[in-house]
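Participant: Now for the letters of each chain:
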Amino acid sequence: MKQAITFSVESHRFLGPDGQPEGDLPPLAEDKDALHALYRNMVLTRLYDERAIALQRTGQIGTFASSLGQEAIGAGVGHAMRPEDIIIPSFRENGALLFRRFRIRDLLLYWGGDERGMANPELGDDFPICVPISTHTTQAAGVAFAVKYRKQPRVVVCLLGDGGTSKGDFYEAINLAGIWHLPLVFVINNNQWAISVPRAIQTQSETLAQKAIAAGIPGLQIDGNDALAVRHYVAEAIETARNGGGPTLIEALSYRLCHHTTADDATRYRSDEELQAHWKLEPVARLKRFMIGRDMWSEAQESELIRQCKEEIEQEVRHYLDSEPPKPTSMFDSLYAELPDELRAQRQSLVGKESNND
Amino acid sequence: MKQAITFSVESHRFLGPDGQPEGDLPPLAEDKDALHALYRNMVLTRLYDERAIALQRTGQIGTFASSLGQEAIGAGVGHAMRPEDIIIPSFRENGALLFRRFRIRDLLLYWGGDERGMANPELGDDFPICVPISTHTTQAAGVAFAVKYRKQPRVVVCLLGDGGTSKGDFYEAINLAGIWHLPLVFVINNNQWAISVPRAIQTQSETLAQKAIAAGIPGLQIDGNDALAVRHYVAEAIETARNGGGPTLIEALSYRLCHHTTADDATRYRSDEELQAHWKLEPVARLKRFMIGRDMWSEAQESELIRQCKEEIEQEVRHYLDSEPPKPTSMFDSLYAELPDELRAQRQSLVGKESNND
Amino acid sequence: MTDITLVEAVNLALMREMERDPEMVVLGQDIGINGGVFRATVGLLEKFGSERVLDTPLAENMIAGAAVGMAAQGLHPVAEIQFMGFIYPTIDQMVSHASRMRNRTRGRITCPMVLRAPYGGGIHAPEHHSESTEAMFAHIPGLRVVIPSSPTRAYGLLLAAIRNPDPVVFLEPKRIYRLMKQAVEDNGEEFPLDTCFVLRPGSDITLVSWGAMLHETQQAAEQLAGEGIDAEVIDLATIKPIDMQTILESVGRTGRCVIVQEAARTCSVSAEIAARLAEEGLMSLFAPIRRVTGYDTVMPMFRLEGHYMPDTARIVQAVKQTMEFA
Amino acid sequence: MTDITLVEAVNLALMREMERDPEMVVLGQDIGINGGVFRATVGLLEKFGSERVLDTPLAENMIAGAAVGMAAQGLHPVAEIQFMGFIYPTIDQMVSHASRMRNRTRGRITCPMVLRAPYGGGIHAPEHHSESTEAMFAHIPGLRVVIPSSPTRAYGLLLAAIRNPDPVVFLEPKRIYRLMKQAVEDNGEEFPLDTCFVLRPGSDITLVSWGAMLHETQQAAEQLAGEGIDAEVIDLATIKPIDMQTILESVGRTGRCVIVQEAARTCSVSAEIAARLAEEGLMSLFAPIRRVTGYDTVMPMFRLEGHYMPDTARIVQAVKQTMEFA
Ligand SMILES: Cc1ncc(C[n+]2csc(CCOP(=O)(O)OP(=O)(O)O)c2C)c(N)n1
Ligand SMILES: Cc1ncc(C[n+]2csc(CCOP(=O)(O)OP(=O)(O)O)c2C)c(N)n1
Ligand SMILES: [Mg+2]
Ligand SMILES: [Mg+2]
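Chains as they are written, first to last, in the numbering used here: chain A, 65 to 422; chain B, 65 to 422; chain C, 129 to 454; chain D, 129 to 454.
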C-alpha cells in the first residue's frame, strides 16, 4: 500500500528587474500615495545607511549593518503593518524600523553603543533590535500568544535572515506558531549570505519558504526586490493572521549588496561579478522605473525627496551627536525593577564618574 | 509571475493489521530466516520489557521505559543495520539495542542506575542511551561526518520519538545531514505520545516525515507496526546512504501501548478505548499472523521461542543481580583521562567506602 | 487548613495566583491534563482552561523564548521545565534575553516571568534527572534565583516570584517534594525575595544551606546540639540576590561557618558566600570556612548518588573540624 | 621567527596541529574562505581543504553537537563559536554530553574536542559581543577551561588543548588579540594544562588574574613597584582545573591576595579562588581577599564598557587597601 501527500510552495513577483509588470498587478500598483510612501522609505533607508557608515568610519558610532539592496523588504513590511501591530526585528531591517516609530537618532544611539537607543517609550511594544540570531523568533511566538490571549486585533511580524533559518529556534518558533495558530508572520530576508556563508551551504532545501511545511503552516517565496510583491503578500499574510487565519512564513529573495557590517570585507569571499549582477536587480531603481513608467514619479520629485531625506537625516544625526553621555550608574538602574541591596555598594562606586568613553 | 515547486511525502506498508499483504511484497517476505530473526527480536523485546517492569516494581531497577507495541521499529532497524554501522539510540529502542551488541544485563545495569551499563567495550562505536531528548541528533551528524571523512562504508542510524521532532536540535541535525550529504538515517518512532502530550498538539504538520522537506532531504512515512515495511525501507535508506546517496528521514507510525515509563500513569490522560483500538494494530501479532498464514511459523515454534527467550532473560537478570556494586570512587575515575590534581583529595575521601545504596 | 507537602504548596500558590491574576499563564510539558510529572500543576487545566494552562511541544528553548515574549507583553508566564537536567536549552534565552530585556530597553520592556524546575538528586531517578546547577543562573546579572526548602516557604516564595517584576528562576528541591508536611495557610501572602531564613538560632557556628540539603543540615545541627555544639542554621532561600547581611551578622557572632550544598563545588554558590565572608567578614573568623558540597564530578547515576550528596555525617564532621580548629 | 600577535599564535597552533594530526578538523561559522571574523583560521581552508575546514550552517547548538559526535568517533574537532555571546546554545551539549561522555561510558567513548571562542569586552563591539561567562563552564565537572593571555601561551596552551583527550573550552581574550607581539617559536611544544604562570615574582601581595585583565594587572604591578609595593602576578591560565598549589604557595609567602577578573562577580572564578583560600590558606592571610571584578550587571553596551571593566586604577586601589589593612 502506498499513499502520498503533496505540498507546494509558490513564488511570486509583480515587477521584473526593469520595473516592468509581469502579469496582473494588485490594486496597490495604482495607489500613488502608497507607492510614494514605500519609495520614500527605501530612499531614506539607503541614505541613512550611507550616512551611518560614514559615522562609523569616523568613529562616531560602532559596527553598523547596512541594508543596501534589501530596502524593499523593510519598506514592504513596514508599510503593510498597522501601528498597533508589533515588529520583532533582526538587526538589519533599518527600513522597517523607520516605518515604525524608531527614529534615526534612536538607531544611531544603539549602534553608538548606548542602551537608550531602544528605550524610546513611543516604540510601544515593538521589540528592540536582536543581535543573537533567531532567538527572537520564539519570543515572537510568545508575543503573538499574548495578543491572541487578549483577543487584540494585532499581528506580530518577525524578521530574520537566511542564516537565521538554520537555527533550531526558528524551527521551534514556526512549529509553535502552527500548533497554537498564532497571529504571526515570519519574513525571511534571504539576502543570500550569512556573513561569508552563502545560502547554498546553509541548507540544501530548494527554497527557505518550504521550511514552513515542517511546521504545517503556509510558506511562500516572493521577490524581495519587488516592493509591490513584498507589500502585497506581507499585507495579505498579516490580514490573514488578523482574521484568525494563523501564521505564514514568507521568504523574500534579495541580495546583500553591502558588506555584512562595517566590520566585514566581503571582497574576501565573493566575486565582483556576482555583486555587479545583483546590482541589476536592486529594488530602489526597480520601483522608480515602474513609477516613472506610469507617470507617477519624476526626476524633480526624486531630487526633492533626496533633499528632504538628507535634511531629516542630518537633523537626526545632530540630535544623536548632541545627546548627553550616558551615566555610568545607568548600568545598574534598569537591571532590576528595584536595585537589590547587594548591588548598592557596586553602584555607589560609580556615582559621580563621568563617562570616559566619550 | 508565479511559479511553484511541489513536494510529496509517501506512506508505505506491506502488511495490514491482520497480517495480510496489501499489494506486492518485497523479497524479504520470502526470507524465512530474516523473518524469524525479526520475530525473535520482537518477542524477546516484549518479554524483556515485561521482566524489566517487574524488576522495577520490586525495586531492583529504577524507572524503566518499555517499548510495548513498538517492537517492529527496533527489530526492523536493528536487522537492517550491519554490525559495523553505528546506532545512536533514544532511550526507548530496546529491540534495536538487543539486535546490536547490547546485552540485557547491560541495559538492566543502566536502568539500575549504574554507568557500567553503557561501558561494555563490545558495543564498539554504538552510542549510549540518550535521555535528553534529541540532543543525540546533532551528535549523529558528527558521527556520520567522521565516517564519511574516513571514507568508511558505514552508516549511522539515529532513533528518536515524535516529541523529539519538536526540538530545534532535530531540525539542525537534519539540515546539516542534508547540506553535508551525510550517511545518516533518522528513524522517528512516532508512538503518538510524548508522555501525556499527544502527537496532535506537538506539531501541526500532517506527517512528521514532511519535516524532511525543510532540510531538502527525502522523507517518508511507513507503518511502524509492520516489521516488513520497517525492515525494507530502513534497509533501503541505509544502503542509499552507504552508496553515497545521503540522508533519509523515516517516520515509523506506531503507538505506545505501555505507560510512558514505570513512573507514568497513562490512564490519567488517554482513554481505554483509544488504547484498545491500537492493540488491534500491534506488530507482534501482525507478523506472526503473516508467517503462520504462509506456513513459516507454528504454535510449537512459538512456545519454544518464548521458552528460549525467557531462559535467556533469566540468565541475564541473574548476571545483573550478581554484578558487583560499583565503587564510590568510580565517579572520579572516568571523569577525565587523568584525574586532575585538584580532585585527588575529593576522591580520597571516598576511598574505602562501600556503596551504601545496594 | 490541612498539612500539605512542598509540591502541594507549589500547586496551591499557582492556584491562588492564577485566580488572582488573569494575566498569569502556565506553560510547559505535560502540565495540562497530566498535571505535571510531579503533579505540581494538577487541577489547573480543569480550573483555568487550556487558554491559560498550556501544554507545549517538547522544546525547552522555545518554552523559555515564548515565556520571554509573553512577559514582554506584560503577561505573567510561569514556565515549567520538567527536570533541571533539561534546563540547559533555556540558558540562551535566560542569559541573552530574559535577564536583559529591562536593562537593554531601559525599562520600556520588562520580563516578569518565572522559570520553575524540580532540581537535585536523591530520588533514584534516571540519568540527567538529578542536576543542581543553580550557580550557572546565580552568575547571571538581571536574574533572580529562588529555592524553597519547606512547604510554607515554597508557597510564600513562589507567590513572590510570580508577582516580582524581574525574571525569576525558581528551583524546587524534588527530594523533599513529599518529605514533610506543614500547615500552610492559603492567605496569598508572599515572602520577601531578598532575605534569608534563620531556621535555628545558635551561637557556636553558622551553617548556611538551601533546598533539600537543609534537611541534613538541620539533622546535623540537632545531633551537634546533643554534643554541646550550638549551631545556627540559615536557609539562604534567595540564591540571587544573596542576603549577606544576615549571614555576616551571624558569622560575626559565631566566628565559624560551614556552607552545605548539593551542587558541585567549583564556582558554586557556596564559593560566593565563602568569598564574600573572606572579603567582608574575615576578621570575625576563628577558623577556615568549610564547604560541604557535591564533588566536582558528574552527578553519578543513582547507585552512587548517596555517596555524592553530602550526608549528615559529612556535615557533622566538617562542623567538628571547624570547631576544633585552633 | 617573527613577532606575532595572540590571534596569529592561535592561527599558528591550528596550522601546526592540523599538519601533524590528520584526525583534526575545524568547524564553525565563517572559518573557511573568510578565515574567521578575527582571522584566527585564515589560510586553513587553502592548506587543508574543505573536508577538514568546515563552514557550518548558523547553529551553535549543532556545532557543539556535531563536534561531540566527531570526537566520539576519535576525530579531534576544534569548533569555533564566533563570539562568547553566542556560546549559550552550546551549553546543553557541553554540560549534558561533552563533559560526560567518557564518564557515562566508563571510558568506552571519549570526547577530545575543543570549543574555541573569543571572549571579553573592550573593543567597542555591538551588544552581546563582550561576554565573560567562563564561570558557567568552570562549574561543570568533566570540562577543562583554558584562557591564554599572551601569544606564547596562546600557542602552547592551544596545542595542549587540542591534544588533550578531554573536552576543552578555550576562551581567547579578544581585546588583546592584537595588543602585543611576541616571538613565538613554532616548535609544536605544548604547555601544561594544570599550571599557573607566575608572570612577575613579588613578595608583598599576590595578584591573580587571567585573560585580557592581566594587561591591567601587570600595569598595576609596575605602578605599585614604583610606590614600593612588590606584587607577584599570577596568570591562572587554566581556569579548570585550577592550580591552587601555586596560588596557595604564593599567598603563603605574601599573606595578601587580590583577584582580578573582567567577569561579573557572583559565583565567578574569583569566588572559587577566594573560597579555596578561605578554606586552605586562611591562616596565612594578613588581610581580607579582595576581588576586582566586573559588576554584577549586564555587560553594558560599549559607551559604558570602560566603566564596567576593571582598570589599573581600581586594581591599584584594591591592592593599597589590602596593603593598608591592619
Ligand atoms: C547566534 C548567533 N551566532 C552568530 C552570530 C554572528 N553573526 C551576526 S550576523 C551573522 C550572519 C547572519 O546571517 P543572516 O541570518 O543571513 O542575516 P544577514 O546578516 O544576512 O542579514 C552572524 C553569523 C550572531 N549574531 N548570533
Ligand atoms: C530535553 C528533554 N526534555 C524533557 C525530557 C523529559 N521527557 C522524557 S521522555 C519525554 C517525552 C518524549 O516523547 P517522544 O520523543 O515522543 O518519545 P517517546 O517517549 O514517546 O518514545 C519527555 C518530555 C527529556 N528527557 N529531555
Ligand atoms: Mg543573510
Ligand atoms: Mg512518542
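A portion of the hints provided could be inaccurate.
Partial selection, computed: residues in chain A whose CB lies under 7 Å from chain D [claimed, not checked]: (1) R121; (2) D178; (3) V195; (4) P196; (5) I197; (6) Q256; (7) I259; (8) A330; (9) R332; (10) M395; (11) F396; (12) L399; (13) L407.
Computed cross-link-like contacts, PhoX-like style, restricted to lysine-lysine with a CA-CA straight-line distance of at most 25 Å [stated by the list, open to error]: (14) D/K448 - B/K215; (15) A/K215 - C/K448; (16) A/K344 - B/K66; (17) B/K417 - C/K175; (18) A/K391 - A/K374; (19) A/K96 - A/K417; (20) B/K66 - B/K96; (21) A/K374 - A/K352; (22) A/K66 - B/K212; (23) A/K66 - B/K352; (24) B/K212 - D/K448; (25) A/K352 - A/K96; (26) A/K417 - D/K448; (27) A/K352 - B/K212; (28) B/K391 - B/K352; (29) B/K96 - B/K374.
To be clear, the hints were calculated from the coordinates, so they are not data collected in a lab. Since this is a predicted model, take the numbers as computed values, not measurements. Virtual Cβ for every residue (Gly too), placed ideally from N, Cα, C.
Participant: Compare the structure with each hint and give your call.
Facilitator: Structure-based check of each hint:
Look at A/R121: its Cβ only gets to about 14 Å from chain D, farther than 7 Å, so that hint breaks. Because the closest C-beta pair between A/D178 and chain D is about 5 Å apart, less than 7 Å, the hint holds. With 7 Å as the threshold, the beta carbon of A/V195 comes within range of chain D, its nearest partner Cβ sitting at about 5 Å, so the hint holds. Annotation: A/P196 was flagged as interfacial toward chain D, and the flag holds, the nearest CB pair being 6 Å apart, inside 7 Å.
For A/I197, the interface hint holds, since its Cβ comes within 7 Å of a Cβ in chain D; the closest pair sits about 6 Å apart. Taking 7 Å as the C-beta cut-off, the interface hint given for A/Q256 is violated, the closest approach to chain D being about 13 Å. The beta carbon of A/I259 comes within 5 Å of a beta carbon in chain D, closer than 7 Å, and the hint placing it at the interface holds. Annotation: interface hint on A/A330 violated; nearest CB of chain D at approximately 9 Å, more than 7 Å.
Interface restraint check for A/R332: the shortest CB-CB distance to chain D comes to about 6 Å, inside 7 Å, so the restraint holds. With a least beta-carbon distance of about 4 Å to chain D, the hint placing A/M395 at the interface is held under the 7 Å criterion. The closest approach between the C-beta of A/F396 and any C-beta of chain D is roughly 6 Å, which is under the 7 Å cut-off, so the hint is satisfied. Below 7 Å, beta-carbon pairs count as interface contacts, and A/L399 has one with chain D at about 5 Å; its hint therefore holds.
Because the smallest distance between the Cβ of A/L407 and any Cβ of chain D comes to about 6 Å, under 7 Å, the interface hint for this residue holds. Note on D/K448 and B/K215: the hinted pairing is violated, with a Cα-Cα distance of about 63 Å set against a maximum of 25 Å. Note on A/K215 and C/K448: the hinted pairing is violated, with a Cα-Cα distance of about 63 Å set against a maximum of 25 Å. A distance of roughly 21 Å separates the Cα atoms of A/K344 and B/K66; the hinted pair therefore holds under the 25 Å criterion.
At roughly 51 Å between alpha-carbon atoms, B/K417 and C/K175 are farther apart than 25 Å, so this suggested pair is violated. Taking the CA atoms of A/K391 and A/K374, the gap is about 31 Å. The hint is violated against a cut of 25 Å. Between A/K96 and A/K417 the alpha-carbon distance is near 54 Å, which puts this suggested pair outside the 25 Å criterion. With a CA separation close to 53 Å, the supplied pair B/K66 and B/K96 exceeds the 25 Å bound.
At roughly 18 Å between alpha-carbon atoms, A/K374 and A/K352 fall within 25 Å of each other, so this suggested pair holds. For a cut-off of 25 Å, the pair hint linking A/K66 to B/K212 is broken: about 32 Å separates their Cα positions. A hinted pair counts as satisfied when its Cα atoms are at most 25 Å apart, and A/K66 with B/K352 qualifies at roughly 22 Å. At roughly 60 Å between alpha-carbon atoms, B/K212 and D/K448 are farther apart than 25 Å, so this suggested pair is violated.
Between the alpha carbons of A/K352 and A/K96 the distance comes to roughly 12 Å, so the proposed pair stays at or under 25 Å and holds. Annotation: proposed proximity of A/K417 to D/K448 holds, straight-line Cα distance about 21 Å (limit 25 Å). With a C-alpha separation of about 51 Å, the suggested pairing of A/K352 with B/K212 is violated against the 25 Å cut-off. Between B/K391 and B/K352, the direct Cα distance comes to roughly 45 Å. Violation of the 25 Å bound is thereby established for this hinted pair.
A hinted pair counts as satisfied when its Cα atoms are at most 25 Å apart, and B/K96 with B/K374 qualifies at roughly 23 Å.
The structure shown violates the earlier hints numbered 1, 6, 8, 14, 15, 17, 18, 19, 20, 22, 24, 27, 28.
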